[in-house]
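Here is what each chain is made of, one letter per residue.
Number of protein chains: 2
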Amino acid sequence: MIRVVAKGKLKQGVKLEEYLTLARELVTETNKEEGCISYALHEDINDPTIVTMIEKWVDEEAIEQHNCSEHVRKIVPELRKLRESTEINLYREIK
Amino acid sequence: MIRVVAKGKLKQGVKLEEYLTLARELVTETNKEEGCISYALHEDINDPTIVTMIEKWVDEEAIEQHNCSEHVRKIVPELRKLRESTEINLYREIK
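From first to last, the protein sequence lines are chains A and B.
First residue of the first sequence? That's 1 in the working numbering, and the numbers climb one at a time after it.
First residue of the second sequence? That's 1 in the working numbering, and the numbers climb one at a time after it.
The set of hints was computed from the structure by calculation and includes no laboratory data.
Treat the numbers as computed from the prediction; the structure is a model and nothing was measured.
No copy labels: a pair is met if it fits in one copy or bridges any two.
Below are the PhoX-like pairs computed for lysine-lysine, each with C-alpha atoms no more than 20 Å apart in a straight line:
| # | residue 1 | residue 2 |
| --- | --- | --- |
| 1 | K95 | K56 |
| 2 | K95 | K9 |
| 3 | K15 | K81 |
| 4 | K95 | K15 |
| 5 | K32 | K95 |
| 6 | K32 | K56 |
| 7 | K81 | K11 |
| 8 | K32 | K74 |
| 9 | K9 | K81 |
Using the sequences and the accompanying hints, generate a full structural model.
See below:
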């Protein structure tokens, strides 16, 4: 199981609602993917300009398939235009 | 429900096992806390110097109680000495 934390900072002037309209479609479509355990957008409770996707995947192959999906190709570039920065980490739990 | 991502970067020369010996005790004790839904340490699959706690709490009050707990007071300062940097974000899911 792989966890992904994709932390984004919205560009100045970008409204959260504008971002959410796009992001919600990505969340809906991604949660339908077979290898997706969970995929949800979060807002930092202390800084509303930080929007982070916290994800759980069966394995790295599921993530690769996700990255080639139609909804990622269509929506992610548009979301990226609204962000000032993005920090993505792929994690494995340490038991 | 509040999610916390506490991303740490180990200081140069610090061995992961050294960090884990301390961190595992913190994970064990924290998972016993009433307000703790999940609390697990993760390693970045692309950079073993990044160690991140991904947490789920019932509410902010549970986090405040955690921060005042005996195991946090005893262990967290020791872990901090082994890290070069720490980035903590508290998140609420956006539905």
